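> Sequence:
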Amino acid sequence: MIRVSGILGLIASYYIYSQVTDNVVAVILALGTGYLLMFILSSLVERQIHRKSHTSMPER
1 MIRVSGILGL
11 IASYYIYSQV
21 TDNVVAVILA
31 LGTGYLLMFI
41 LSSLVERQIH
51 RKSHTSMPER
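Per this note's numbering, numbering through the sequence shown is continuous, rising by one, with the last residue being 60.
Since the hints were derived computationally from the structure, they do not count as laboratory data. A portion of the hints provided could be inaccurate.
Said to hold, decoys possible - Okay, the calculated beta carbon distance ranges per label pair:
1) I16 x S43: 42 to 48 Å
2) Y15 x S56: 39 to 45 Å
3) V4 x G32: 14 to 20 Å
4) Q19 x H50: 37 to 43 Å
5) N23 x Q48: 18 to 24 Å
6) T21 x R47: 31 to 37 Å
7) I28 x R3: 17 to 23 Å
8) R51 x V25: 35 to 41 Å
9) V27 x I2: 20 to 26 Å
10) V24 x S56: 45 to 51 Å
11) Q19 x S53: 24 to 30 Å
Keep in mind it's a predicted model, so treat the numbers as computed, not measured. By construction, the Cβ of each residue, glycine as well, lies at the ideal position given by its N, Cα and C atoms.
Start from the sequences and build out the full structure, keeping to the hints where you can.
Quick look at the structure:
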């Protein structure tokens, strides 16, 4: 799910950046945007996993 959203973010951002510029900068910015999107989503998923694991731990 995270990879698919990263690929979709890459394609969408490349389309937007290519409207602004016609050189290789659009490709580099699109790759960076895709990786940033995947990083943000994975951080959110990791936070949810940590919350679930802390709430399910029995107290001593």
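> Honestly, do Q19 and S53 meet the 24 to 30 Å range at C-beta?
Distance hint for Q19, S53 is violated at roughly 44 Å.
> Okay, Q19 versus H50 on CB: inside 37 to 43 Å?
With Cβ atoms ~39 Å apart, the hint holds.
> Kindly confirm whether 39 to 45 Å is satisfied by the beta carbon distance between Y15 and S56.
Between Y15 and S56, where Cβ atoms are some 42 Å apart, the hint holds.
> For the pair I28 and R3, does the Cβ-Cβ distance stay inside 17 to 23 Å?
holds, 20 Å
> Quick one: are V24 and S56 within 45 to 51 Å, going by C-beta?
holds, 48 Å
> Measuring from beta carbon to beta carbon, are N23 and Q48 in 18 to 24 Å?
violated, 39 Å
> May I ask you to test the hint 35 to 41 Å on the CB atoms belonging to R51 and V25?
holds, 39 Å
> Do I16 and S43 keep their Cβ atoms within the hinted range of 42 to 48 Å?
violated, 23 Å
> Is 31 to 37 Å respected by the C-beta to C-beta distance linking T21 and R47?
Since the Cβ atoms of T21 and R47 sit about 35 Å apart, the hinted range of 31 to 37 Å holds.
> So the hint says 14 to 20 Å: do the beta-carbon atoms of V4 and G32 match that?
holds, 18 Å
> With respect to the beta-carbon atoms only, verify the hint that V27 and I2 lie 20 to 26 Å apart.
holds, 21 Å
Comparing the model with each earlier hint shows violations of hints 1, 5, 11; every other hint is respected.
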